[in-house]
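Fit chain S to the supplied structure of chain H, relying on the hints for placement.
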Amino acid sequence: MREVAVPDIGDFKEVEVIEVLVKPGDTIAAEQSLITVESDKATMEIPAPGAGVVKELRIKVGDKVSQGSPILLLEESGAAAPASKTPPAPAAAPAAASSEPMMVKVPDIGEFKDVEVIEVLVKPGDTVVKEQSLITLESDKATMEIPSPAAGVVQEIRIKTGDKVSEGTAILVLKAGAGEAAAPAALAAPVPPVAAAMVVAVTLPPVPMEPREATQSKPHASPSVRKFARELGVDLGRVRGSGPKGRILHGDVQTYVKGALAAVPAPVPAAKGGALPFNLPAWPDVDFAKFGPVEVKPFSRLQKLSGPNLHRNWVSIPHVTQFDEADITDLEAFRKSNTAETEKQGFKLTMLAFLIKACVTALRQHPNFNASLERGGESLVVKKYYNIGVAVDTPEGLVVPVVRDADRKGVFEVARELGEISKLARDKKLKPGDMQGGTFSISSLGGIGGTAFTPIINAPEVAILGVSKSALRPVWDGKAFVPRLMLPLSLSYDHRVIDGAAAARFTAYLASVLGDIRRTLL
Amino acid sequence: MAELDCDVVVLGSGPGGYSAAFRAADLGLRTVLVERYPVLGGVCLNVGCIPSKALLHTAAVMDAAKALGEHGISFGEPKVDLGKLRDFKDKVVGKLTGGLATMAKLRKVTVVQGVGAFTGPNQLAVEGKEKTNVRFSKAIIAAGSQAAKLPFLPEDPRIVDSTGALELKAVPKRMLVIGGGIIGLEMGTVYSTLGTRLDVVEMMDGLMLGADRDLVAVWQKFNAARFDKVMLKSKTTKAEATKEGIRVSVEGQEPKVYDMVLVSVGRAPNGKRIGAEKAGVAVNERGFIPVDTQMRTNVPHIYAIGDIAGNPMLAHKAVHEGHVAAEAAAGQKSHFDARVVPAVAYTDPEIAWVGVTEDEAKKSGLKVGVAKFPWSASGRAIANARSEGFTKLIFDAESHRLLGGGIVGTGAGDLISELALAVEMGADATDIGKTIHPHPTLSESVGMAAEHFEGVCTELLPPRRK
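Chains as they are written, first to last, in the working numbering: chain H, 1 to 522; chain S, 1 to 466.
So here's chain S without its partners, still in its complex pose:
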């Protein structure tokens, strides 16, 4: 058994884990990074954010090429070579994970491959090709989450989670997406562009919960043609694997046969799989590890970050938490005090939101003012032939400081950063409106929404004052 001594061990090499490890190494700590798979990068790089974006990009260009028919430019029907598309996706992933391995090497971070579990408050055993015992003075748990399973579904290659869907084995004729959240709808978009007809079943009363309904409504209208059926407030009760396909029963519906079923009902944290109890680290019944603003668990020298430390389960949140944990482990007074964490659905159009939503404001009785700039008034959006979206800013009614906002439209995920920056900086409507946005861009819509809030936007009629 190999023995390793280090200042800090990081368990898990997803975006949170490798960011923590790299930051710790940059601060001069002897760092060990433990990863169960042979490649670094975790779910995000290997079977999540990145490969799905490679496929979504492909789908978007296909859809855009088709839409050009309206402009008098016609292409033939696309020929899809799934093998080549898979290769492209794998190359994208390979480039990034390879880059990570190099970065780890240059930073002198020791990577140990294998499944890590605590064996004591200062020891972690890694079961890989050989057994390694890592003795640490600080630990950062970044063991992430995994796709939640539905127990009544049979084992069948045609029933997949997001990882299985990304393998892109075939283009099914008919696919059922169970769970109408971001992941299911992103993968649904890819398959639908490749030729699959979609049904969605969702237990709650709306798709992409968390985002304001007006944002989702725009996406839903634009994508109506992709779906045969959107079943809300519906429960999947049974699924049988038959020769023809997966026969799925949804409450109140005739059973239907699908060629593929994508299960995307959320993700469950891995807190109960890492021997936390041996180190004395408290894990709650849902598998999350409670932490303070320094990302410390109940055991002061052990930190937890990313999905395992709580919602929202987003890579960019994990990265910031990873930096905080590494800095705190190095003795710095770092705290996680970001006021907002943006969220993005990379559907087409994209939906992005940050900070206070209108629904939340209503529920909590927060006094807010809302300004919406419809993209039908944006020259650039019209020129792009994509003017279905809008930009919505939510301000504190009294101070006019930005509290949050939502954008639906092409590239919304890139536009939302300005709102996040404005919230962190405490910018008010005038600050945003008086910042010159280049013309003609989609980002103009942010400045104009702010101007509209102050009644000084000349692209729209001034709002009626109550």
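Same shape as in the complex, but just chain H:
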């Protein structure tokens, strides 16, 4: 092992590293370029002094280096050779022989392609256990982690942060079992295909999705069209080209602008800087540090993604929220009487599971709540399936996994599934598919508190049910006040689709179902 340092590079001092050309685990040849540095006069590449395997990088892009600055740790192949002459420990030999290195690939991640790698969580030489997260991917919907299909030692990483991956893309080479001396034989056995563990057997219902431009390729438009678009403030990535081979023409930009003007949604204003719509005054620019110490905390990737979506939904959907209360005294007693049974089976019977079933019953009676506005707003798409989204709070931000076909599942099944998806959400293991295809959402703050709130509709759905904390209240039964357990309901709905009377009927009906859960059978 030797440390490779910056050689004599002339009079240059404190030159900037603009590129690192190798990574840990790379096998390099003598004279192979390791890094590129740039002075004000020239860029130059620093070659390797000998062949070997890169063990550890000591610098990164942006560092300033001079002669003698350490670059990396190199295990020289010259040094490695004699070491291998010493016979390996007899116990290790069979294990090593039986564990063929395996290529770990990206498993089935739903219909997503070219998803960006935002984090590589392991490095060569790491020992990983089965299901340990290897990399984090991020689609436009969510982040997810790809677990290891087996235990072993990471030999080589085949991807890096920023890469776009799809199903089948090689992630790394894993020497299965090699790291676990305890049970080498068992682990060396053939490993089940990666995908098997990950796939959730569901067929995704056809949900219209916003078409998204592949961001890595630049829009197919000539300089004059680019200039025109810039003048109008049009993002060419969103314009569909009608010319040969999808070329964006002058007229396409005009059509896009006409369409944008005709569509209702207001532009999403930047929090700072850019002009706000509706001729609003600019966002106040305050130097907070002037008034006391502050700390700037960058948003998580998920928060950055969900913020603009929430904002779009809030400003582009005319929201109305209907408040009501459901008497769940009997339902709560029924739930409690069954909790022992489910705990035996290993899951919690939550009120949310009953709420989902009750909502499905109400949605069947009021199909317009289980619908989406067609683009252009000319008609309503009423869905014949009942996929209920459940807002889950995670340390990274808010996600809304979906319980599919809730109408065909029993309360126990729904409850069990809720437990599973909540755990997946908190472990960042939800796949984009797990969050698609919802037809109605529930946001439950019942476990925390509050008497009512106004949830934001999860577009393109048209309604969302907010649930606050249930409380014992005196209720007049015609003769006397009796203590009843009341659950506050807050239903936000899209007023373009649903009118106030329908919403009042929906919540009243929902309350009646919750009041007597037997109605779900009717």
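Misleading hints may appear alongside valid ones.
SDA-like cross-link-like pairs, simulated, lysine to any residue; straight-line CA separation at most 20 Å [claimed, not checked]: (1) S:LYS233 with H:SER39; (2) S:LYS233 with H:ASP8; (3) S:LYS238 with S:ARG158.
Please keep in mind that the hints were generated in silico from the structure rather than gathered at the bench.
Showing chain S alone in chain H's frame:
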């Protein structure tokens, strides 16, 4: 002290600066152009692109005349009258800079001669024959760059940079070029044709870095006879001025005496010489001024363009940036969004490249397809007796859209524009191949390379499909 008020002041009158000033004036802004030298045009017109091309043209014709011996046409040995050659070069420069001065006058651009430096966010002082205080509402910094120096070289008239080499004081017997980039090799070509023997020393492992190696290899083979020694990965350690010449030590080599040493180790931006801090303009430690796509510095009403705003330090990039800055200063929504900036070495043969190079594609893992059309299959190149070159196109492997390319051969610098246009327009291999190129021309090689990529070129055997 004279006082001047204006809408926009442009500091520096190189190609970027005068283009910015003229554009600003055309947009109706009251414009002041500040230039330290008595003539407009900056490095490019006075001591760069233009005079070097005048000399390179002369050298090329001399070499061509000599080559005609092979065709049965022989001339006598050329007689070189250096004084007259200098006059020709100066006349070329004079014609262009004179034209600029007229253009400035007709556009009512006020030219102030002297060294300008900011004294505040809206003020610039010019130290010339008299002192002028320019008050501006917008400023465009176009103060350019200067040749980088090697501190260990002694002061001696025989040690020159590109400006000194263009003065053409004498034709040395033996010349050392320190720095094997475009500028050094262009000047080396001129001197070598006039009779000088050349050595080149370069710290990196190749000449003309930035261009793909296969392009440079063709030039190097064609020009091997000009050089006694090409020292790569070598460092000049010492130079002493002696009576016999400049005695230069290069690591790992015997010291050698040269009649002239040309230092061409790159150019350094002038960001730290213009009082930028007084205006609050941020300059990085290397002397560059960071800008956004509108060429705005951190101070929103002050712009920076050209060499001082970042690499590549090329006149044609500066001109486009100058237009963007002037338009932005006039309130237009102009942005610099050119996808590619072509680069040309005016050596013989010329080397030109644009956009993605093969080396870059390899390094970044970009999936590309490459098509090469050798000029040995071009009738025109053969007729010119210059068939050593080739035309290389680099396409996106999936969409077949052109990403870049390189050409080595006579006139490559003129041929590269078609590739730049094709990249900007998003043309693919079929678009280029189906565009009729006139026959017999060197430009045909572009169309044929594109056809070759699609396997439809009949001048070559179709490529083997993997």
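Consistency of the hints with the structure:
{"no.": "1", "hint": "S:LYS233 with H:SER39", "in the structure": "holds (16 Å)"}
{"no.": "2", "hint": "S:LYS233 with H:ASP8", "in the structure": "holds (12 Å)"}
{"no.": "3", "hint": "S:LYS238 with S:ARG158", "in the structure": "holds (15 Å)"}
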